[in-house]
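Novice: Listed in order, the protein sequences are those of chains E and V.
Take 1 as the starting number for the first sequence in my numbering and just add one per residue.
Take 1 as the starting number for the second sequence in my numbering and just add one per residue.
Please keep in mind that the hints were generated in silico from the structure rather than gathered at the bench.
Treat the hints with care, as some may be off.
As the list makes no split between identical chains, a pair holds if one copy fits it or if it spans any two.
Said to hold, decoys possible - Below, computed lysine-lysine pairings styled on DSSO-like, alpha-carbon distance capped at 30 Å:
no.	residue 1	residue 2
1	Lys433	Lys207
2	Lys96	Lys69
3	Lys134	Lys317
4	Lys60	Lys96
Number of protein chains: 2
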Amino acid sequence: MANESLLDDLHRRWKKITLLESTAGLLGWDEQVCMPPAGQSWRSEQSALLAGLIHSELAKPGLGETLDKLEASPPADPFNRASIQEARRRQSRALKIPNQLVEELARVCSQAQPVWAHARAKSDFSQFLPFLEKIIHLKREEAAAVGWEGHPYNALLDEYEPGMDCAQLDALFDELQTPLTTLVAQSDDQKAIPTQPVGRFGIEAQKLLGEAAAKALGFRFNAGRLDTSTHPFCSGIAPGDCRITTRYQSEGFLESFFGVLHETGHGLYEQGLPEACRAEPWCQAASLGIHESQSRLWENMVGRTRSFWEYFLPIAKAMFGAELDDWSLERLTGCLHAPRRSFIRVEADETTYNLHIILRYRLEKSLLDGSLPAVELPQAWNHLFHELFGMKVPDDRHGCLQDIHWAGGGFGYFPTYTLGNLYAAQFMRAARKELGDLESDFRQGVFARLLSWLREKVHRVGRSKTAQDICHAATGSRLSSLPMLEHLRNLKA
Amino acid sequence: MANESLLDDLHRRWKKITLLESTAGLLGWDEQVCMPPAGQSWRSEQSALLAGLIHSELAKPGLGETLDKLEASPPADPFNRASIQEARRRQSRALKIPNQLVEELARVCSQAQPVWAHARAKSDFSQFLPFLEKIIHLKREEAAAVGWEGHPYNALLDEYEPGMDCAQLDALFDELQTPLTTLVAQSDDQKAIPTQPVGRFGIEAQKLLGEAAAKALGFRFNAGRLDTSTHPFCSGIAPGDCRITTRYQSEGFLESFFGVLHETGHGLYEQGLPEACRAEPWCQAASLGIHESQSRLWENMVGRTRSFWEYFLPIAKAMFGAELDDWSLERLTGCLHAPRRSFIRVEADETTYNLHIILRYRLEKSLLDGSLPAVELPQAWNHLFHELFGMKVPDDRHGCLQDIHWAGGGFGYFPTYTLGNLYAAQFMRAARKELGDLESDFRQGVFARLLSWLREKVHRVGRSKTAQDICHAATGSRLSSLPMLEHLRNLKA
Numbered sequence: 001m002a003n004e005s006l007l008d009d010l011h012r013r014w015k016k017i018t019l020l021e022s023t024a025g026l027l028g029w030d031e032q033v034c035m036p037p038a039g040q041s042w043r044s045e046q047s048a049l050l051a052g053l054i055h056s057e058l059a060k061p062g063l064g065e066t067l068d069k070l071e072a073s074p075p076a077d078p079f080n081r082a083s084i085q086e087a088r089r090r091q092s093r094a095l096k097i098p099n100q101l102v103e104e105l106a107r108v109c110s111q112a113q114p115v116w117a118h119a120r121a122k123s124d125f126s127q128f129l130p131f132l133e134k135i136i137h138l139k140r141e142e143a144a145a146v147g148w149e150g151h152p153y154n155a156l157l158d159e160y161e162p163g164m165d166c167a168q169l170d171a172l173f174d175e176l177q178t179p180l181t182t183l184v185a186q187s188d189d190q191k192a193i194p195t196q197p198v199g200r201f202g203i204e205a206q207k208l209l210g211e212a213a214a215k216a217l218g219f220r221f222n223a224g225r226l227d228t229s230t231h232p233f234c235s236g237i238a239p240g241d242c243r244i245t246t247r248y249q250s251e252g253f254l255e256s257f258f259g260v261l262h263e264t265g266h267g268l269y270e271q272g273l274p275e276a277c278r279a280e281p282w283c284q285a286a287s288l289g290i291h292e293s294q295s296r297l298w299e300n301m302v303g304r305t306r307s308f309w310e311y312f313l314p315i316a317k318a319m320f321g322a323e324l325d326d327w328s329l330e331r332l333t334g335c336l337h338a339p340r341r342s343f344i345r346v347e348a349d350e351t352t353y354n355l356h357i358i359l360r361y362r363l364e365k366s367l368l369d370g371s372l373p374a375v376e377l378p379q380a381w382n383h384l385f386h387e388l389f390g391m392k393v394p395d396d397r398h399g400c401l402q403d404i405h406w407a408g409g410g411f412g413y414f415p416t417y418t419l420g421n422l423y424a425a426q427f428m429r430a431a432r433k434e435l436g437d438l439e440s441d442f443r444q445g446v447f448a449r450l451l452s453w454l455r456e457k458v459h460r461v462g463r464s465k466t467a468q469d470i471c472h473a474a475t476g477s478r479l480s481s482l483p484m485l486e487h488l489r490n491l492k493a
Numbered sequence: 001m002a003n004e005s006l007l008d009d010l011h012r013r014w015k016k017i018t019l020l021e022s023t024a025g026l027l028g029w030d031e032q033v034c035m036p037p038a039g040q041s042w043r044s045e046q047s048a049l050l051a052g053l054i055h056s057e058l059a060k061p062g063l064g065e066t067l068d069k070l071e072a073s074p075p076a077d078p079f080n081r082a083s084i085q086e087a088r089r090r091q092s093r094a095l096k097i098p099n100q101l102v103e104e105l106a107r108v109c110s111q112a113q114p115v116w117a118h119a120r121a122k123s124d125f126s127q128f129l130p131f132l133e134k135i136i137h138l139k140r141e142e143a144a145a146v147g148w149e150g151h152p153y154n155a156l157l158d159e160y161e162p163g164m165d166c167a168q169l170d171a172l173f174d175e176l177q178t179p180l181t182t183l184v185a186q187s188d189d190q191k192a193i194p195t196q197p198v199g200r201f202g203i204e205a206q207k208l209l210g211e212a213a214a215k216a217l218g219f220r221f222n223a224g225r226l227d228t229s230t231h232p233f234c235s236g237i238a239p240g241d242c243r244i245t246t247r248y249q250s251e252g253f254l255e256s257f258f259g260v261l262h263e264t265g266h267g268l269y270e271q272g273l274p275e276a277c278r279a280e281p282w283c284q285a286a287s288l289g290i291h292e293s294q295s296r297l298w299e300n301m302v303g304r305t306r307s308f309w310e311y312f313l314p315i316a317k318a319m320f321g322a323e324l325d326d327w328s329l330e331r332l333t334g335c336l337h338a339p340r341r342s343f344i345r346v347e348a349d350e351t352t353y354n355l356h357i358i359l360r361y362r363l364e365k366s367l368l369d370g371s372l373p374a375v376e377l378p379q380a381w382n383h384l385f386h387e388l389f390g391m392k393v394p395d396d397r398h399g400c401l402q403d404i405h406w407a408g409g410g411f412g413y414f415p416t417y418t419l420g421n422l423y424a425a426q427f428m429r430a431a432r433k434e435l436g437d438l439e440s441d442f443r444q445g446v447f448a449r450l451l452s453w454l455r456e457k458v459h460r461v462g463r464s465k466t467a468q469d470i471c472h473a474a475t476g477s478r479l480s481s482l483p484m485l486e487h488l489r490n491l492k493a
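One chain only, chain E, in its complex shape (with noise of 0.2 Å):
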């Protein structure tokens, strides 16, 4: 076959495995908003069988020889080059990883996370260890299976950051850890500024609030939907479908509010990739890092500024009425930035966030070398708490069981919360130097301009280009801590 017509055949094979995917998506966002309860169980059988599906289609012969062929004399395109890189590292993960592996994880994983949920709230490890400690076996069989230099997290973080090793992140979360310990130490947990407003907002307003705040955005609602769900997400399900979810409650809006903005810069970058690519191998998000840069950088580098709120809160005061009527812009600004210890990540803020994450990677990667028995982890867990909060953590349901993640097999998705945060300090400082005044845009409404420089230097580079490279071309420089730690002392001031 001539390299065009090779070309072709890969296209062809990626089309079926993306339309599989993007069913398993809709499957996905179905179970987590629509579907009812007595659906559980033929649903986890549906997904299972899809999941069977694309690991098939990755499987066969006929792509890993057109992958060969290509490999041998690649085409010049950059983006095709991208997409044969792509599918081979796919490819080689699924020929890799046994099915019977996949299996088990999937079973044990579906079985810890009730039991996990249950001893969360007795806050009672001992009912949860035995899981953690088959999932840690496992996910140490995967990361052997598909093979690592340095460190076996290695090989599991590179599913969801490719191109990010631990030697990266160790240097990264070092330079990080004494600022932000200083930081957080430095604040006086500013507990007499209340969080958010407290009244009565109904979710109604809020949603209409949301809806217009994601359109100002750019979020294109042809092409996408706004729901509500228990925990809040994002589906980039399929060209020209998008769909956020936020959550409400009626005694505050904030809440629902930051979660459509986080929700709406994950789905402007799904909206951002190049439509007629979609089921190219490139066409992707880069990794969860630059996934994660997306949300927080409109949930906190914009959604946060003053500039914002001299637009979106007379817009919440006519929707709320009465409610805001004691809220000045400085009272509301003044309450998103607040430096507030917490035990439980999901309420942290932006600066004691990251040190959440930098407990669970040190942590993690010591339950998967072995040189952390699961059974010694919330003595761990506890006494590096103390060190990086200077808090005595109560009980583990404060502390080693409060999150989901280990229970679902995700060990080595810590991180990319942190790498977003550096990703999006760091495009949004090169942002403002090259588009120069964005808080009067902002006091506008406008974000055009914002989401514009976006979508050139990181939407539509799709998985073409690594993370770390799109960075260094949107920026000029490797991913870096210091503009976070000038953000967030910026905050401080």
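Given the coordinates of chain E, work out where chain V should sit on it, guided by the hints.
Specialist: Then chain V, alone, in the frame of chain E:
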């Protein structure tokens, strides 16, 4: 293989087919209820891929071999025997109809639908004619591929109503035609009577009332949901997951309400199929006619009775406040039956509805056997309409262009609507005979005795018997036009 493991093999294969079908079902539901407009073209490709996967599972030689062996020494259990028969029916259809024809039909119908919509809007049959001709040609090829006796129409009808054929339909419809035209001629099209209370009926209140009614009838919301769509429908997606829809207009609540009752009837049938067997071939609706009988029974035979409204009118009054102040029980129920000749099928009352079906059945049979060239359809339609209704069709928008069915390739579908009405009346007569006074149940909002009767006689039987055998076992006689005519005459009285 022993019989036992052959059955296991059949069940394993059918489980996969059912999982794929339920996934295709979710794609379809989502397309009509949730999907943003820009997702349309990708969704079509997803649906086509799923259809292809289902077809290739049905066409696998292994399935045929298993069925060969099971047919050679059939199991004793009647449900297993029915499963073998149904699996063979599906497999045989899949093998007989060439893939090329399936794809061509899908392609032409997908092109034809926007053309039909445009032609209807302009009342211009000539626009639609070339597509109609192509579709008729392809449906003839389909009938030839499947094979038939008596009339090519039988090959198409069999997909919707297994066991039914033109000879039986002709006999039933001949019995119906004269009494129905007489009933309609006797009616004075009581134009003075409004079709519904007109006012301002809040959508949220309509939704609450619909949910209350569905719940009262027995629809389980932990295993189902109620949504909004342009055309109301029911999708029994999976065990534990049955979804119904309706549509709302704020000027009146009866359209959404009867939409809910109708779809709840379908939904109760789906929820009444034994959950544990849902992946076995026998465990599905016996036919579209039986399915429609369940919707019509709850909508018309229950939902339009005086006793039903003795319970629901006070609830509706409480929900809608002053808008129903002037509506007594007599006045409201007076609206629900008045025969009213109309050009449009979906606006028809219980009596004239069946004349609309007889018209379409006669025409599509002639289109299919070639005795009516497509170009002469408008003339033939208008002629027959005048014969049945005594009214002159003003234009094709009010005539042969009004329904989407033919543009979608649905030849053979229309008769199942009237079969549903006939089965519904016959079931209801038998239930009333066996259960005694149902009116006092309805007056108290109690529907459990009727539902239990339907569960036992219809729902739990699935497709283990033919529609005709279910009818005979439940009512003591073959399907007849008499119970429906009796019901319609009682309405007039």
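Novice: Would you pick out the hints that fail for this structure and give their numbers low to high?
Specialist: Of the numbered hints given earlier, those the structure breaks are 1, 3, listed in rising order.
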